[in-house]
Amino acid sequence: MMLSTQVLAAAAETAGQVSGGEKWTFFLLAPLAVIGALGMVIARNAVHSALWLVLTMLSLGVFYIVQAGPFIGMVQIIVYTGAIMMLFLFVLMLVGRDASDSVIETLRGQKVVAILLGLGLAGLLGTGAYQATRDMPVVGLDKANVHGNVQGIAQLLFGPYVWVFEVTSALLITAAVGAMLLAHRERAKGERVGQAAQMKARFEPGNYPGPKPGPGVFANSTSVATPAKLPDGTPAERSISPILPTRELTSAEIANKHTEGK
Amino acid sequence: MILAPIGFLAEALTPMSPAHFVAEDPATGDPTLVDFGHDPWWIVLIKVVGVFVFLVVMTLFTIWYERRVVARMQVRPGPNRHGPFGLLQSLADGLKLAFKEDIMPLKADKVVFFLAPVVSTVCAFTAFSIMPFGPFVSMFGVRTPLQLTDISVAVLLVLACSGMGIYGIVLGGWASGSTYPLLGGLRSSAQLISYEVAMGLSFVAVFMVAGTMSTSEIVNAQAIGHTLALPFGNINIPIGGWFFLLLLPSFVIYSISAVGETNRAPFDLPEAESELVGGFHTEYSSLKFALFFLAEYINMVTVSALCATLFLGGWRAPTSFESFWPGINSGWWPLLWFTIKVLLLLFVFIWLRGTLPRLRYDQFMRFGWKVLIPVNLIWILVVAGWLTMRKQQNLDVMDRILLVGVPLAVVVLLALLWPQKQQETPPPLEEQVAKRPEGSFPLPPMDLQVPVSPRAKRLTAERETVPATTEEEV
Numbered sequence: 001m002m003l004s005t006q007v008l009a010a011a012a013e014t015a016g017q018v019s020g021g022e023k024w025t026f027f028l029l030a031p032l033a034v035i036g037a038l039g040m041v042i043a044r045n046a047v048h049s050a051l052w053l054v055l056t057m058l059s060l061g062v063f064y065i066v067q068a069g070p071f072i073g074m075v076q077i078i079v080y081t082g083a084i085m086m087l088f089l090f091v092l093m094l095v096g097r098d099a100s101d102s103v104i105e106t107l108r109g110q111k112v113v114a115i116l117l118g119l120g121l122a123g124l125l126g127t128g129a130y131q132a133t134r135d136m137p138v139v140g141l142d143k144a145n146v147h148g149n150v151q152g153i154a155q156l157l158f159g160p161y162v163w164v165f166e167v168t169s170a171l172l173i174t175a176a177v178g179a180m181l182l183a184h185r186e187r188a189k190g191e192r193v194g195q196a197a198q199m200k201a202r203f204e205p206g207n208y209p210g211p212k213p214g215p216g217v218f219a220n221s222t223s224v225a226t227p228a229k230l231p232d233g234t235p236a237e238r239s240i241s242p243i244l245p246t247r248e249l250t251s252a253e254i255a256n257k258h259t260e261g262k
Numbered sequence: 263m264i265l266a267p268i269g270f271l272a273e274a275l276t277p278m279s280p281a282h283f284v285a286e287d288p289a290t291g292d293p294t295l296v297d298f299g300h301d302p303w304w305i306v307l308i309k310v311v312g313v314f315v316f317l318v319v320m321t322l323f324t325i326w327y328e329r330r331v332v333a334r335m336q337v338r339p340g341p342n343r344h345g346p347f348g349l350l351q352s353l354a355d356g357l358k359l360a361f362k363e364d365i366m367p368l369k370a371d372k373v374v375f376f377l378a379p380v381v382s383t384v385c386a387f388t389a390f391s392i393m394p395f396g397p398f399v400s401m402f403g404v405r406t407p408l409q410l411t412d413i414s415v416a417v418l419l420v421l422a423c424s425g426m427g428i429y430g431i432v433l434g435g436w437a438s439g440s441t442y443p444l445l446g447g448l449r450s451s452a453q454l455i456s457y458e459v460a461m462g463l464s465f466v467a468v469f470m471v472a473g474t475m476s477t478s479e480i481v482n483a484q485a486i487g488h489t490l491a492l493p494f495g496n497i498n499i500p501i502g503g504w505f506f507l508l509l510l511p512s513f514v515i516y517s518i519s520a521v522g523e524t525n526r527a528p529f530d531l532p533e534a535e536s537e538l539v540g541g542f543h544t545e546y547s548s549l550k551f552a553l554f555f556l557a558e559y560i561n562m563v564t565v566s567a568l569c570a571t572l573f574l575g576g577w578r579a580p581t582s583f584e585s586f587w588p589g590i591n592s593g594w595w596p597l598l599w600f601t602i603k604v605l606l607l608l609f610v611f612i613w614l615r616g617t618l619p620r621l622r623y624d625q626f627m628r629f630g631w632k633v634l635i636p637v638n639l640i641w642i643l644v645v646a647g648w649l650t651m652r653k654q655q656n657l658d659v660m661d662r663i664l665l666v667g668v669p670l671a672v673v674v675l676l677a678l679l680w681p682q683k684q685q686e687t688p689p690p691l692e693e694q695v696a697k698r699p700e701g702s703f704p705l706p707p708m709d710l711q712v713p714v715s716p717r718a719k720r721l722t723a724e725r726e727t728v729p730a731t732t733e734e735e736v
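Protein chains in written order, with this note's numbering: chain A, 1 to 262; chain B, 263 to 736.
Note that these hints are calculated values from the structure, not bench results. One thing to keep in mind: the hints can contain errors.
Said to hold, decoys possible - Keeping only pairs whose Cα atoms sit at most 30 Å apart, straight-line, the calculated DSS-like set for lysine-lysine is:
| hint | chain 1 | residue 1 | chain 2 | residue 2 |
| --- | --- | --- | --- | --- |
| 1 | B | K653 | A | K200 |
| 2 | B | K683 | A | K200 |
| 3 | B | K362 | A | K143 |
| 4 | A | K257 | A | K212 |
| 5 | B | K697 | A | K189 |
| 6 | B | K369 | B | K358 |
| 7 | A | K189 | B | K683 |
| 8 | A | K189 | B | K362 |
| 9 | B | K362 | A | K200 |
| 10 | A | K200 | A | K23 |
| 11 | A | K212 | B | K697 |
| 12 | B | K362 | B | K372 |
| 13 | A | K212 | A | K200 |
| 14 | B | K632 | B | K683 |
| 15 | A | K257 | A | K229 |
Start from the sequences, fold in the hints, and give me the full structure.
This is the structure:
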């Protein structure tokens, strides 16, 4: 909480140049962001992988805030971390807990080559970006944020870029509708059973609507393998789960519970 | 994608400077965005500890408050043994919880299982850092606003924190390695994401009218009363400054989605006892469970405080009260008004829990996506139109009538011409009963007269008749 206060305070007063707080936040969070990215690739479990990615995205959000873009930082956290990663998690959780990636390499030496190529690409991009932005003076931030960051973005989005913005949103909506269409399953007329119809079927004659007896009810043992006794003393086979292996019951367990006289 | 229909937003937002209502109004010397970030470190520390203590005490108090109020609604006394009025009951419960055995399920994912309640709690506490408790106060000789911090996107911070808080619930459900918690976690993530959209949209009208997203300035924007100018004639209806009157639909939608966002009855599907045992926290015990519990109650306090800030004037007592008590909105007093507002809103939460049954899951989702969000979008469009119209000073009567009349006519025509489904009249009850197949559940006869119980008769006969006292006897 202390940290967040400092970061937000830093965001409030940032005006173009790198302050001490900004530097500290960067050196604290940049390693975390890199660790998150590495963890995302290395983690065996899919959910852990997603969590590492969340760490990276959160760090990115804080970077945006520190660099005088509080709106984009918050949107990064709300939309990417809060909604999109959550949907990812949603799918991953349904895959099952023990579904880990297979570690057998199908192409020999693929890992080493991948690491080398990855390092090369990172170096290329890093040096390129460094060369391009070295000694470059930062100008125009104050002018862009003169009415406030949110107002500045609104002016751009709904002013010069309104068409781009609207077309992008139309594209996204089309994609969403298309995904829905692909996942949609056409149902026949009577296939869908409503709640009222289900209730009616439940109380039809021949169906027992009440709860069934659990295993061990009125029996001499509380084991889940012991069937409940019906009022006439016969065992109720419905009370045992079908996945349990059948067990030989001792005569004491089969006997009816002694109820008369102590 | 969601913001796309609000083409008016820019026009409504851009001409106003961030502190449109505030900086140009010298009458209120109350904190604005520029007053933050100048506190010495020890004042920040005091404020952080203050917010922490406020939240923990509010949690302890709210648990007691909830149990007492629900008990009163159910005509029973509620906890009344420990301390005055049973006030120390939740403290005792909390201590007991801390000393319970901490169970780690065999199939749990140990790191994530531990991380989940921590994430929940941290997010819950962080969200409160931007709540304005009051105006400038003097703390050990330093003049400082009674608010931990404020940023230009303060309300979005609350949304971000609640978005991150979902991770606590979802991961807790997943890491338990058991079926019911997993189902509870999935339900809650779907629920929170859907209701967060409705909640976020209900903020938009407030942002447009206040012209800012910073909480302290939204509170300031509500200090001044608004006049609702009708489009034709010179009719100006004075309407209070607090946004809940001016933006009533937003207020209603926010209140509903806040209940969904905090997993409270009647929207408490992630922890529905009758379906999922305990939902996502079934496998949790001891301090980890206590953290989840703490986070839930803090979230309740947060959404109540945010409601008070955005719609109910924040820390301000009604401005008209200033005529007979000029100092009502200065110094430390506003802290009290703020707390009272939060407690009243918390009462509504408890009232709902004591009154309403839980919704079915599909009803709940349909309500969120097909009712709250479309209504909200239309309302935002109306507000944007109204703001653009207010900006244009030189509209003649004809323009105004056209601007209001044409949309109104479209709405009326749509309502009139909307195809209606023919409602079939159900057959009378006797016919329905006669149509039931053989062997159906037995029904009592339709003309059954319930005889008076002989016990009730005896009681009436035995009761002493008390002679009515007259005025002369007293």
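Next on the checklist: What's the verdict on K362 of chain B and K200 of chain A, does the C-alpha distance respect the 30 Å limit or exceed it?
Outcome noted: Between K362 of chain B and K200 of chain A the Cα gap is close to 46 Å, so the pair fails against 30 Å, i.e. violated.
Checklist entry - Under the criterion that the straight-line Cα-Cα distance not exceed 30 Å, is the pair K362 of chain B, K372 of chain B satisfied? => result Holds: K362 of chain B and K372 of chain B sit about 19 Å apart, inside 30 Å.
Checklist entry - Taken at face value, is the distance from the CA of K697 of chain B to the CA of K212 of chain A at most 30 Å? => result 28 Å, holds
Item to check | Straight-line alpha-carbon gap K697 of chain B to K189 of chain A, limit 30 Å | outcome: 24 Å, holds
Checklist entry - Holds or violated: K653 of chain B with K200 of chain A, Cα cutoff 30 Å? => result Cα-Cα ~59 Å, so violated.
Next on the checklist: Given the hinted pair K257 of chain A and K229 of chain A, is their Cα-Cα distance within 30 Å?
Outcome noted: OK: K257 of chain A and K229 of chain A at ~9 Å, within 30 Å.
Item to check | 30 Å limit on alpha-carbon distance, applied to hinted pair K189 of chain A and K362 of chain B | outcome: 55 Å, violated
Checklist entry - Between K212 of chain A and K200 of chain A, is the straight-line Cα distance small enough, at 30 Å or below? => result 19 Å, holds
Checklist entry - Is K200 of chain A within 30 Å of K23 of chain A, Cα to Cα? => result 68 Å, violated
Item to check | Given pair status - K212 of chain A, K257 of chain A, alpha carbons within 30 Å | outcome: 20 Å, holds
Item to check | 30 Å limit on alpha-carbon distance, applied to hinted pair K683 of chain B and K200 of chain A | outcome: Given pair K683 of chain B, K200 of chain A holds - Cα atoms ~23 Å apart, limit 30 Å.
Checklist entry - Is the hinted pair K369 of chain B and K358 of chain B satisfied, with a Cα-Cα distance of at most 30 Å? => result 26 Å, holds
When the structure is compared with the earlier hints, violations turn up for hints 1, 3, 8, 9 and 10 and for no others.
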